[in-house]
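Chains as they are written, first to last, in our numbering: chain H, 13 to 268; chain G, 391 to 718; chain Z, 289 to 574.
Treat the hints with care, since some could be wrong.
[Stated by the list, open to error] Under the rule of at most 25 angstroms between Cα atoms (straight-line distance), these lysine-lysine pairs were calculated in the BS3-like manner: (1) H:Lys141 to H:Lys162; (2) G:Lys393 to H:Lys162; (3) H:Lys141 to G:Lys393; (4) G:Lys495 to Z:Lys565; (5) Z:Lys565 to H:Lys83; (6) H:Lys83 to G:Lys495; (7) H:Lys138 to G:Lys394; (8) H:Lys138 to G:Lys699.
Note that these hints are calculated values from the structure, not bench results. Predicted model only: the values in this text are computed from it and were never measured.
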Amino acid sequence: MQLLEVSGLSKNFGGLRAVHDLDFQVQVGDILGLVGPNGAGKTTVFNLITGVYLPNAGKILFRSEDISGLKPHRVARKGIARTFQLTTLYSNCSALENVVIGHHLKMQTGLRSILLRTPFFWSEEKKAKENALQLMEFIGLSGQENFLAKNLPHGHQQRLKIAIALSSAPQLLLLDEPVSGMNPEETNEMMALIGKIRANGITIIMIEHDMRAVMGLCDRIVVINYGEKLAEGVPQQIQENPEVIEAYLGRKDDFA
Amino acid sequence: MSKKFFYLMGLLLFSLCIPLITKDPYHLHILITTMFHIILALGLNFVMNTAQIPLCQAAFMGIGAYTSTLLVMRLHFSFWLSLPMAGILATILGIIVGLPTLRIKGIYFAMATFAFGEIIRLLFVGWTGLFGGANGITAIPPPNPIPLPFLGQIEFENKVSYYYFTLIVLTLCLVVIYRITYSRVGRACTAIRESDLLAQCTGIDIMGYKVFAFALNSFFAGIVGAMYAHYFHFIGPQDFTFWQSVEYLVFIVMGGSGTLGGPIIGSIFLTFLPEFLRMAVEFQVVLYGLALILVLLFMPQGIMGLIVKVGNRFSKPGGEKTNATPGS
Amino acid sequence: MDPIFFQTCINGFILGSLYLLVALGLTLIFSIMGVINFAHGEIFMLGGFATFFLREYYGVNFFFSLALAMGILAAFGVLIERMIFRPLRGEALNLLVISLGLSIVLQNLALIFWGPEEQSYLMGFQGVVHVFGMVLSKERLVSFAISAVLVVALYLFIGRTKTGKALQAVAQDSEAAALQGININQINALTFGIGCALAAAAGSTMGPIFLVSPFMGMMPVVKAFIIIMLGGLGSVVGAVAGGLILGIAESFGATYLGATFQNMIGFILLMSLLIFKPLGLFGYHE
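Please build the complete structure, drawing on both the sequences and the hints.
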């Protein structure tokens, strides 16, 4: 079943064509890789899907529902979560607080229960906190709960970002360069984590430059260059595609 | 229940007993005005937690004040009806102003609210027929007496009754703001402040929360405005100027923004300070200004920041949020 | 054509040019340092008083007094920047409140030492000039000329000199500028000094027209904020445009409308502009 379908997607900034006439689909349970040279427009695609940018043309269908042009918080409510390339965290909050904040969507407490501190309020708070602790264990950050997000080492921050995204129990997770800045060991751990996430039934689209991660994890890959789709297919196909190789300026060893 | 809860209960008990300790109207007056300031500072701080800094606090106060005054004096409403109406009207105006302006960021938002505040003030000055012009409105009656079965009635001519009345309103305000802050609404506001991009993408409706915070603040400001009018028995446009709006900002910054205790401490400190400085007569105001400068030079996190630092020295580590780096 | 119309226009121009000097100093300080300096009005006031004392007590020629006042306040500005603003760099709210504290201190010290009465002094040339049926006082013409000279000088300084370009660099991105070897501390000090000098100049030229008193700084600062917002933060051209618009609007308002509603129009205009075009007419995108 198609979870996400992007068709004819285009975005211009002034005279610059950031994304042009892009089509691709993602099946439920897949990991789709979105790759391309720097500046190809990958993060723009994520921004378009999550509603941060308004598309100039094209449609975005999520579970057959048109979500193009919806505001970001509405897109999140539909079941799409994402991480950001830059360290976009709640820096001055503790790691646990970051994840608890992420539970905003899942919690049902309204003003009445908040102001009256009903038993429902307390049970929701407890649930959120327990869930947050579980999530932190899941992503391997147990014991780090009380450290301020800005003080965590880079690798842990990357995981925290994912925990925040997971707290809204999304169906589709968009990961923007999850292994950037990581050494091979950390990359392996992250790859295992991403595999675990998929095993829990979450579909993933991943932007990455690290080809080992891409080839190792993705079921399908879409290659973008200058905002347009260059190629699409299973990792094997992409590896052997001459246009793709050329787009990366002949860096053949990346594909080894 | 933690230590904090007991401290607060103790403080509340103490506050309840103050009029028994001193009946000096001057002391009660200072405490009442301090409580007004605390409520206004708490409300403003709540808005500031959504990364917006309004400069029109006094305008909403004025709207509440004139509304209640006119309802009581022209339409012969009971104060106890005009009070909530003042709050509601201020809230409605807050939403009307907030919707177009809250999408603007930073200094531009501040300037837009500044302009709004001035428009309202000029309206009070210019519309003489309704608002009494530059001379304002005098002889505003105190709140209507509340009859108690078997016990007579509570009069509001004297400061003791007003003190308790204000204390009740302050406590309600504190409870409301505390409970909202430590809930998913409060966390959403923190998220907006820390990273509105991330907040949006985790499902937080930024405009919704900003308008909510702004409206809530307008409500409290309107209520305090009404209480102010019927306490001082006189209001005029000069009570609701830009400088008053800035005052509450100063209370928050001096006390320490971003905490609940900060606005409270800042309000208390800066309302009491001029009273202590009266002894210096001529230099009273200069010293006040100097206090602002010196506190910020030596305590950039505000008074609350200092208290937290000192508190950290004495408390045990672990279990609480820490600024340490993992592995250290 | 209606001579009153032209007279009103010219008055508006002159009024605008005076507010403009204050606004320029303020926008300069804001764009480089991110400080909204509440004490700017007091610098303006001190400039006026400095010139007043130089004129009335020492009989110094007006233009020398102006220059001296600018120099004194520029030095004072550098001192303030070093002692009060630099320690709090980056903390917008703290800077705002501390500048407010400074404003209170300066205004009230002036009140204590010099009393609340409005004083006056003369530029040194009396009389009026008649042009095309309009009456223009020589003093106002001179103040307009001074404003014009200073504005042009500032524009050339920022646009054409090496230091001026360094200033622009710091305004756009102070970290990048630092990496290029620009001494941020020096630039900030210089900027503050220039901003204060401009305010002092405005105070000196406005003194004879509007009288000096410890409170004279409050109103021009508010007008300066409006001008900056109208024209866009950080833009000299914008400030000029904003100043002229405000001056003319106020002039027409005073002539044809009541005082209260004249002021209100300015604020309604400002609020609408901020809602629909928050960056002002010429401001740059942050």
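Comparing the hints with the structure gives:
Distance hint between Lys141 of chain H and Lys162 of chain H is fulfilled; the C-alpha atoms sit about 21 angstroms from each other, no more than 25 angstroms. Between Lys393 of chain G and Lys162 of chain H the alpha-carbon distance is near 29 angstroms, which puts this suggested pair outside the 25 angstroms criterion. Our distance criterion of 25 angstroms between C-alpha atoms is met by Lys141 of chain H and Lys393 of chain G, whose separation comes to about 22 angstroms. Of the pairs offered as hints, the one joining Lys495 of chain G and Lys565 of chain Z holds, with about 12 angstroms between alpha carbons and a cut-off of 25 angstroms not exceeded.
Between the alpha carbons of Lys565 of chain Z and Lys83 of chain H the distance comes to roughly 22 angstroms, so the proposed pair stays at or under 25 angstroms and holds. Using a Cα cut-off of 25 angstroms, the hinted pair Lys83 of chain H and Lys495 of chain G holds, with the two alpha carbons roughly 18 angstroms apart. Only pairs whose Cα atoms come within 25 angstroms are accepted, and Lys138 of chain H paired with Lys394 of chain G is accepted, the gap being roughly 21 angstroms. A threshold of 25 angstroms between alpha carbons decides the hint, and for Lys138 of chain H with Lys699 of chain G the separation of about 30 angstroms lies outside it, so the pair is violated.
The structure fails to meet hints 2 and 8 from the earlier list, while all remaining hints are met.
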